[in-house]
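Order-wise, the sequence lines are chains A and B. Start counting the first sequence at 1; every next residue gets the next number (the working numbering). Start counting the second sequence at 295; every next residue gets the next number (the working numbering).
Hints in this document: simulated from the structure, not taken from any laboratory. One thing to keep in mind: the hints can contain errors.
Unchecked claim - For lysine-lysine, the following DSSO-like pairs were computed, each having C-alpha atoms within a straight-line distance of at most 30 Å: (1) B:K370 - B:K472; (2) B:K406 - A:K157; (3) B:K319 - A:K157; (4) A:K86 - B:K349; (5) B:K370 - A:K157; (6) B:K448 - B:K370.
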Amino acid sequence: MEFVINTISLGSLYALLALGLVFVYGILKLVNFAYGEYVMVGGYALFVMGSMQGVPWWVTALIAVAMAALVSYLTELTAFRPVRTKSVSALFVTSFAVSMLLQNLALILVSPRAKAVQFPPLFNRTVSLMGAVTPMRNLLIIGTAAVLLTGLSLLMKYSVIGIAMRAAAEKFTTTRLMGVPANLMISIAFIISGFLAGVVAVFWVSRSASVDPLTGAAPLLVAFIATVVGGMFSLVGAVAGGFIYGLLFNLLSVFLPASLINYRDAFMFVIVILFLLFKPEGLIRGNYTEERVG
Amino acid sequence: MLTVTDLHASYGAITALRGISLDVKEGELIALLGANGAGKSTTLKSITGVHRQVKGAIALSGESIANKTPEAIVKKGISLVPEGRDIFGGLTVEENLRLGAYTCYDRTKYRKDLQDMFELFPILEERRRQAGGLLSGGEQQQLAIARALMSHPKLLLLDEPSLGLSPTMVDQIFVLIKSLHERGTTILLVEQNAERALEIVDRAYLLTNGSITFAGTPESLRSQVDIVDAYFGGDDGSKSEVVL
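Whole structure, please, built from the sequences with the hints as guidance.
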């Protein structure tokens with residue numbers, strides 16, 4: 001039972017991560033390598049707000065999420081938009097530049113060393129649920145992910161902007177010909193992406209209770225692997241990939257001999273390579289095309 | 295209504311349009327004919343703002359729309375039925391139509407427009423919850439036209455609407471274009487199937503290698519035998535589907 005709860009909670013977290021990456025990929029066909037840094041920004045916001053006296057914890061968390069979304073939006077506005085009509089490579093290189101810029105900003109403005117982040121005791125309090133003992137944090141992740149995934153899927157299914165986002169992922173130019181502004185769709189994709197990164201930041205950082213300039217590297221990798229497994233071309237695929245990653249990772253943790261446990265990541269990479277070799281489109285194909293955004 | 299003056303367009307070093315001029319008046323049905331690569335699609339892409347490497351003037355009802363974004367131009371009242379239909383395969387029929395109404399959405403008006411479209415295209419009502427990608431070619435073409443009409447365009451651009459359709463479906467599409475014209479829709483029709491297009495249009499332009507080489511009524515175009523011979527082939531069945 002503990003295994004099940006752990007897997008679902010890890011899978012939920014990874015699903016949210018992967019979803020954020022795919023939102024931008026779907027619209028802009030850009031693997032945004034600065035995505036992990038939005039998680040880092042969320043982490044630093046937690047650190048700054050948490051060190052202030054008398055700020056309720058939920059306000060801190062909301063501000064962290066908002067900051068990540070805001071920074072994501074600002075990077076779109078200042079870095080990605082000017083090169084959008086150039087080549088895919090230009091966008092790609094830009095995303096690396098943004099990533100390094102944000103990392104170095106954290107390094108200069110805060111500190112190269114890890115900063116401890118305060119979390120309310122609630123997060124680590126253990127609870128018993130159906131015979132399993134698990135930290136409250138895991139249940140919070142599951143709950144948050146359930147609410148967000150439901151909300152997002154309703155948004156994508158029924159709202160006109162959701163319909164337009166799905167259309168744009170499929171045929172960007174044709175969507176513009178319907179009168180949907182390109183900049184609007186791209187901005188919304190970045191805001192949702194940053195928002196998800198911010199939500200993930202709250203839980204990701206809570207595991208180690210610290211944040212440093214390189215905090216974003218691991219989440220980016222997870223998101224990337226999960227989308228490769230699940231499929232870059234559909235939102236459902238990203239969510240599925242996240243859960244599969246969580247499951248595989250936990251299975252490896254349980255079944256690998258203790259001497260190999262530190263090489264879990266290496267095993268994950270083997271799985272990624274196998275996927276790239278034999279099922280490069282991922283488990284779920286989706287309707288996305290490789291149309292360039294001009 | 296639409297006036298294009300001395301329009302040049304290029305793709306990098308390759309010139310696609312060498313200064314074309316054409317106009318479409320309110321209520322007219324105009325054909326733009328020409329061979330593959332003559333620049334028909336580039337003309338439409340330039341008018342709709344999809345292709346931006348252009349010089350020259352494009353005006354809708356006197357207002358310049360050159361160098362505007364596609365989304366701004368749709369708002370001004372030009373709607374395109376793209377070549378190859380380009381419907382959203384992952385979206386349902388109704389969602390496709392909903393996006394068509396993006397620029398002018400109003401709940402009650404939308405409901406009514408939707409009913410109008412379903413009357414015009416009964417098959418779409420039957421398939422309204424199906425994914426667009428599951429429709430047949432002819433159904434997709436009907437959806438693409440309905441989607442463009444949802445925005446109540448002042449000017450409807452049709453890019454090769456008969457391409458890749460069965461002969462029966464081609465007949466239906468031409469009947470439909472004719473009836474849209476009779477209802478007062480202003481239409482610029484790009485077609486390779488010149489003979490069929492000339493049967494229904496008011497005037498036609500002939501585009502050759504990026505220049506307009508003929509402009510006038512279908513009768514005068516037909517009467518210029520050498521042009522007809524050169525570009526449309528004779529009347530024997532073997533050449534009836536001539537690619538110009």
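Quickly compare the C-alpha distance for K370 of chain B and K472 of chain B to 30 Å and report which way the hint goes. holds, 24 Å
Given the hinted pair K319 of chain B and K157 of chain A, is their alpha-carbon gap at most 30 Å? Not OK: K319 of chain B and K157 of chain A at ~40 Å, beyond 30 Å, violated.
Given the hint that K86 of chain A pairs with K349 of chain B, test it: the Cα-Cα distance must not exceed 30 Å. holds, 20 Å
Is the hinted pair K448 of chain B and K370 of chain B satisfied, with a Cα-Cα distance of at most 30 Å? The given pair, whose Cα atoms are some 8 Å apart, holds under the 30 Å limit.
For the pair supplied as a hint, K406 of chain B and K157 of chain A, confirm whether the alpha-carbon distance does not exceed 30 Å. holds, 22 Å
Check whether the Cα positions of K370 of chain B and K157 of chain A lie no farther apart than 30 Å. holds, 28 Å
Hint 3 from the earlier list is the only one contradicted by this structure; the remaining hints agree with it.
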